[in-house]
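Asker: Going line by line, the protein sequences match chains H and R.
Going by the UniProt record's numbering, the residue at position 274 of the first sequence is 274; the numbering climbs one at a time, nothing skipped.
Going by the UniProt record's numbering, the residue at position 282 of the second sequence is 282; the numbering climbs one at a time, nothing skipped.
Warning: the hint list may mix true and false statements.
One copy or two, it doesn't matter: identical chains are merged, so the pair holds either way.
Below, in silico cross-link-like pairs of lysine-lysine (DSS-like), each with a Cα-Cα straight-line distance of 27 Å or less [what the hints assert, rightly or not]: (1) Lys193 to Lys353; (2) Lys254 to Lys195; (3) Lys445 to Lys410; (4) Lys256 to Lys323; (5) Lys52 to Lys362; (6) Lys32 to Lys476; (7) Lys445 to Lys401.
These are computed hints drawn from the structure, not numbers from a lab.
There are 2 protein chains.
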Amino acid sequence: MKSLTFYDTTLRDGAQGEGVSFTVDDKIKIVKKLDDFGIDYIEGGWPGSNPKDEEFFAAIRDLKLKHSKIVAFSSTKRYGIDIKDDLNIKKMIDSGVDTVAIFGKSWDFHVTDVLKISLDENLALIEDTIKYLLENNMQVIFDAEHFFDGFASNPTYALETLKVAYEAGAEVLVLCDTNGGQLPTQLASTIGKVKESLTAPLGIHAHNDSDVAVANSLLAYELGAVQIQGTIGGIGERCGNADLASIIPALKTKYKLELSNLNVNKITSLYYYIMEVANLVPENNHPYVGSSAFTHKAGMHVNALQKNSETYEHVSPQIFGNKRRILVSELSGKSNLKYKLQELGFDLSNFTKEEYRSLATKIKDMEYQGYQFEGAEASLKLLFLREYEDYHSLFGVEDFKIISHNFGKKTDSEAVVKLKVKGESVHIVAEGDGPVNALDNALRKALLSFFPSIDVMKLIDYKVRVLNGKDGTAAKVRVLIESSNTEQSWTTIGVSTNIIQASWQALIDSFEYALYLAKNNGSLSAN
Amino acid sequence: MKSLTFYDTTLRDGAQGEGVSFTVDDKIKIVKKLDDFGIDYIEGGWPGSNPKDEEFFAAIRDLKLKHSKIVAFSSTKRYGIDIKDDLNIKKMIDSGVDTVAIFGKSWDFHVTDVLKISLDENLALIEDTIKYLLENNMQVIFDAEHFFDGFASNPTYALETLKVAYEAGAEVLVLCDTNGGQLPTQLASTIGKVKESLTAPLGIHAHNDSDVAVANSLLAYELGAVQIQGTIGGIGERCGNADLASIIPALKTKYKLELSNLNVNKITSLYYYIMEVANLVPENNHPYVGSSAFTHKAGMHVNALQKNSETYEHVSPQIFGNKRRILVSELSGKSNLKYKLQELGFDLSNFTKEEYRSLATKIKDMEYQGYQFEGAEASLKLLFLREYEDYHSLFGVEDFKIISHNFGKKTDSEAVVKLKVKGESVHIVAEGDGPVNALDNALRKALLSFFPSIDVMKLIDYKVRVLNGKDGTAAKVRVLIESSNTEQSWTTIGVSTNIIQASWQALIDSFEYALYLAKNNGSLSAN
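In isolation and in its complexed conformation, chain H is listed as follows:
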């Protein structure tokens, strides 16, 4: 193992993160994505620890992967039993993989106080386990658990565990900062000393408890580590693992590595995919891949950016499949607003100073009420169309009513909606899973007979944000709805103290925008 490899543990260490729980199906989906991205090793789970992981290894056996190797994870054998009787080891061999990661204790304190065996007995566990796995035709990665704490406590013994593992046949020795307590200078010094007394290939497995896991992993690479372990988005127990979505971009652009196996330009979509499957909120401010990572707000910056993007961007967003965004916000000057409107496709050549000012005032006012157009450009576009263009909505809204009725464990919701479409009054009723779904169904039912093209429009995301949670159930809420047709997606917004009113606004905008798009591309049949 000479060239640099990436080892992803999203499915094992990542699954230890608070609020994270993958189904077997989720895990298989993630494996396919990681393989497609080009990760070298994918740690699939600990077959001996729970039935779900066992099921995963059974399910993955028939999957044809392009590049990735699936790895099974386990501890060294249990003390005091024959290794053939060790269920963890047996399940690992039975799992059908050909590469395994074995973690063993490198911290003397853990050996004597947690395992409660002698230091030599622990060395024997490491040696016996690795040799046995090699006899069973496995390739072995050795994770030296708590290596850095161990080295600080007893450097001779910590090094001894590495030597034993290497001599037993492990192909890479992974230095683990299990508690995540290492700071860069200390970590670099320890790795330097290890390199002085060992020529074996080293890996790094860092946790982020000190907020420096990315820096530590990059330093380990500089000091010669040939395997970097981490998770996508840094998910994992406590403060998470080293984040491959920050490490890989740095290696690609700042260390200028070719990384020819990796589709670096897919790392943004990989990040969003993993966050969605893990049911975690993606971090807007995530380096390289976050939606705000190349987003500019201050008027001054935007001006300079338009002159030359290098002035305020350390790397180009395109490399990672991300993009630059300019925000319309209360901090923005005329140049931001102009840039945004042009981006939305409006011709501003006849726009007067007064019109700019009145639009900016209106947006400022709505932002004060809780609107945020940063993520809801379809609503911003409609706002502009309604005020400044020769535009009329294809339907008018008169009134609605919702009745939600609870029977024990279930609540039914029914929506009654009155619209005006093409001069006709439409009075319609529909049921749904909850009040908003009932409104959605009623609007759809009402509009479909007039505009059959509405059929291809789908609501794909619905988000609720409580704006001032401390007011309890009387708080203001912001609703964002993302919709799509066969060609594109768009997001709309509503704000109110009443969640139904906020959802209604976003729904109306969403349907109105769908019809606007259909009209503009000619697919609005004249039914």
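Given chain H, work out where chain R should sit, using these hints.
Answerer: Showing chain R alone in chain H's frame:
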């Protein structure tokens, strides 16, 4: 300036973060908190850039602070005008502060391509601005914008900007990684070279675009920087600023600095406070201060933790006002569940193996449906009470109905609730801001006449999380409600595809738990 100082720019650079917008009132609240925490310098804003910042400086003038100094921020004077006519500089002087931060260009490329002036003309801007401010009795902090990129491009010129600023009278020269592109090794090497040719006090201002801002700030400290700039929670434009909520804990516990001005044990509450005012979701996995930072999930770890907390914690949570948590989750074994129930105050001495297993199965099943008891311990406690203890709710729920009626821009909601309390049927109606608030009001109205102690119970937070957003408005939602009485707060949960049903479950649990607490502490008057 010899000893280390902390400089917070949450109110200026932090406010550039996407989705962040502080009112003047917010800013004053934050100043008070930062002062109480013991931050040395608080950058309040840029008085010349917008009326809100100007208003802030007017409002802050009469505020008595214990320790913090308020700083006004601005650029060097504009080229080609007399400094007395420069509005930015004038407003800065008029702002009433005695310390100012002036940023000037250190990157030759910015001078020639953005300012479009000669390199010498830029040096003159720096010199003239600082001298003029000193004549007006200001202390000046000089922010060398893009210093590291400037040093890479033209080291002689970048150093020259520092020298000019220092000779003009700046008391500290802050090296800014404005684009956040620096990696630790490169940054350390540059600072080393600056130290060789300059004896002036240095500061560090790092951005997190490479995910290493904390590491970079700590390295700068190691290399002699005497001022660290950053924001609480790392909020700020793009990927944010260096995070003082990670830097300060490291300096306190790992560099063993006394930091006697700082109330380090308040940093967790400071973090949550800033996130709340900024209307950002706190990061559970934030190092040191996040709710998951010392949270343990895996059965194995919990076992070892109970033996000795040092085994799996790099530092003690108490130092930062944070605490250890053990999660009940599907990954957990019997030891986790037992620990949690004991923590909740249950006596488990008579609990059988079968009872453990059946409870674990029930929790696993509910988690599969979308429940998460990690954050909703009152609901977990009620679940346990209902199943295993001699416990009966003080009221029974029969039925409810909600009518939401829209009139143009407004939607009214009305809830009709049927309860059974002390043998009596109670049929009551109430209005509210939205359907959930109406239910809350109806429940309160119904229970108050039977249990006057319910009067002190308040709903303090209401959160909605869409579990599978991609199903649009038919998605499942999880509702968390936090409530408090005069002594404590508690959180309850509800899950359903119908947001009203989910909110109802959480509301019922919240009222039931309030009555349970009142009964146990004897405050439940026998009305």
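Asker: Determine for every hint whether it applies to the structure shown.
Answerer: Each hint, compared with the structure:
Taking CA atoms no more than 27 Å apart as the test, Lys193 paired with Lys353 passes in neither setting, with 66 Å inside one copy and 50 Å between copies. In this homomeric assembly, Lys254 and Lys195 come within 27 Å of each other (Cα to Cα) both inside a single copy, at 24 Å, and across copies, at 25 Å. Taking identical chains as interchangeable, the C-alpha atoms of Lys445 and Lys410 lie at most 27 Å apart whether they share a chain (24 Å) or sit on different chains (23 Å). In this assembly of identical chains, the alpha carbons of Lys256 and Lys323 lie at most 27 Å apart only when taken from the same copy (21 Å versus 42 Å across copies).
Taking identical chains as interchangeable, the C-alpha atoms of Lys52 and Lys362 lie at most 27 Å apart only when they sit on different chains, with a minimum of 17 Å there against 53 Å within one chain. Taking the shortest alpha-carbon separations for Lys32 and Lys476, only the inter-copy value of 26 Å comes in at or below 27 Å, while the best intra-copy value is 40 Å. Taking the shortest Cα distances, Lys445 and Lys401 sit within 27 Å of each other both inside one copy (16 Å) and across copies (24 Å).
Hint 1 from the list above is the single one not met by this structure.
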